[in-house]
Amino acid sequence: MKEKYPEILGLIKQMKPSLTSGIYKVLNKYFEEYFSEVAEHIRYEENIAFPYFMELCSNITTTKEEYSGKEYIDHHSDIESKLESLESLLLYHVRSEGPQRRKLLISISELEYELKIHSFIEENILIPAAESIEKRGNNR
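Quick note on this note's numbering: the sequence shown kicks off at 1046 and runs consecutively.
Just to be clear, a hint being listed does not mean it is correct.
Distance windows between CB atoms, simulated [stated by the list, open to error]:
#1 P1062 <-> N1169: 42 to 50 Å
#2 E1155 <-> K1074: 15 to 23 Å
#3 V1071 <-> P1144: 19 to 27 Å
#4 K1061 <-> K1180: 46 to 54 Å
#5 M1099 <-> N1073: 21 to 29 Å
Calculated directly from the structure, the hints in this document are not laboratory data. The beta carbon of each residue, even a glycine, is placed where N, CA and C say it ideally should be.
Taking the hints into account, I'd like the entire structure generated from these sequences.
Structure (structure tokens):
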């Protein structure tokens, strides 16, 4: 995901000459805010959620008594749907000459695919495993 951010931002900037300033500002701001949310999500996982899950899986008594897999689900934002909104904005409201729009849509689709895999692993493997361990009473 780290490679996709500068790639997508660069493609948006390349499109600037062919866009109205209003559309460019909306597109650029939306993506900046979106990626800020993705970065916050990743930081949350790396600093809070994943260390907790590692403690659960290692049979270590967790120091985070107030934390649970349920809290992770509640904190889990739907960053995929916001990416789909960006894609829709491009498809229906942005007209651009040259290959930049197509390249941008491809890059967004690739990022969307990476995020779907990320979410699938979290929602179908990580969270159910953590909840199962919590229900058994380990580390609680």
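Structure-based check of each hint:
no.: 1; hint: P1062 <-> N1169: 42 to 50 Å; result: holds, 44 Å
no.: 2; hint: E1155 <-> K1074: 15 to 23 Å; result: holds, 22 Å
no.: 3; hint: V1071 <-> P1144: 19 to 27 Å; result: holds, 22 Å
no.: 4; hint: K1061 <-> K1180: 46 to 54 Å; result: holds, 53 Å
no.: 5; hint: M1099 <-> N1073: 21 to 29 Å; result: violated, 37 Å
Checked against the numbered hints above, the structure breaks only hint 5 and satisfies the rest.
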